[in-house]
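Engineer: Using the sequences and the hints, build the whole thing.
Counting in the numbering used here, the sequence shown runs from 171 upward without gaps.
To be clear, the hints were calculated from the coordinates, so they are not data collected in a lab.
Take these hints with a grain of salt, some might be off.
[Said to hold, decoys possible] Pairwise CB distance ranges (calculated): (1) V348 <-> S252: 18 to 28 Å; (2) E222 <-> V348: 17 to 27 Å; (3) E430 <-> H214: 20 to 30 Å.
Beta carbons are placed, not taken as given, at the ideal position from N, Cα and C, and that holds for glycine.
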Amino acid sequence: MRWRSQRSLCPGCWSSRARRPADVLEGQMRFYQLQRPAPSTPRHWSGSISAEHVWSLPGVECPTCHETWSGQFTLPSVDLSSLPGRDLLVEPRVEPHAEYARLASRVQPFLPTGVSPEPGMQFGPLRGTAHGTFGPLSARYGWEALVTQEALRHLQAVGIRGLAPVRAELQGLDAGVVLYELEIPLRGLLHRDAVLTGPRCPTCGWYEVRISPEPWLDGAALPHDVDLFRPANGTTYTFVTERFVEALEALGPSDVTFREAGVVPASRMGSVH
171 MRWRSQRSLC PGCWSSRARR PADVLEGQMR FYQLQRPAPS TPRHWSGSIS AEHVWSLPGV
231 ECPTCHETWS GQFTLPSVDL SSLPGRDLLV EPRVEPHAEY ARLASRVQPF LPTGVSPEPG
291 MQFGPLRGTA HGTFGPLSAR YGWEALVTQE ALRHLQAVGI RGLAPVRAEL QGLDAGVVLY
351 ELEIPLRGLL HRDAVLTGPR CPTCGWYEVR ISPEPWLDGA ALPHDVDLFR PANGTTYTFV
411 TERFVEALEA LGPSDVTFRE AGVVPASRMG SVH
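Structural biologist: Dropping the structure here:
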């Protein structure tokens, strides 16, 4: 089964037709991509989590494009406890498109405005186990962000915008330790020249996507109401403002890295060939 992760390709695989432009916009807020450190990087904290979200839509087998795939979009604040038949959304699996579409239609009313269901979409809080100690911010898989209760209070106190914390239901944490997953809002876009896309399947929505190893942001679509976000055309990438970085660094070390992302004017639309 394919996973719609939107992960970047290796540098050698990236099309030479879509290199990063040099005309980065000046005199504006700086943005950073939140990343997990390389495995060889020494860690400050020993914490690890084995957990999954409570519910998820199944992956899909498409009769039109013949792809079998699942995405990785998470909405921890979405509560499906009142949905009849929610037990069908507990066990991860793959279903034919007709059954997937039936389940997706039942979930749709619970989703935030403007968000459409997709195969593999996950809902509800993280539930599982945790071990070790955790720093202010942890990045699970590189696109799920968890903060300690102390870090959350600090970020709220200094006015960081767009925080939507959902308490993780984790066994094994030290007494008094609480972790919150941040539901990261969809805002903005990766720059068009950083994303190459193929045609979208009219039935299941599958499309091939290639993203630059170091994607940059579309300056014409920057969000101005949040300090952390996922671009709509790169939902497994998390970006934060320099305000967020400064607020977090005041709390001491976290096992994350921040890569400054370029911001450039809109240009042409890339396509996969």
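Engineer: Taking the hints in turn, state whether each one holds.
Structural biologist: Status of the hints after comparison with the structure:
{"no.": "1", "hint": "V348 <-> S252: 18 to 28 Å", "result": "holds, 25 Å"}
{"no.": "2", "hint": "E222 <-> V348: 17 to 27 Å", "result": "holds, 19 Å"}
{"no.": "3", "hint": "E430 <-> H214: 20 to 30 Å", "result": "holds, 21 Å"}
Hint compliance for this structure: every hint is met.
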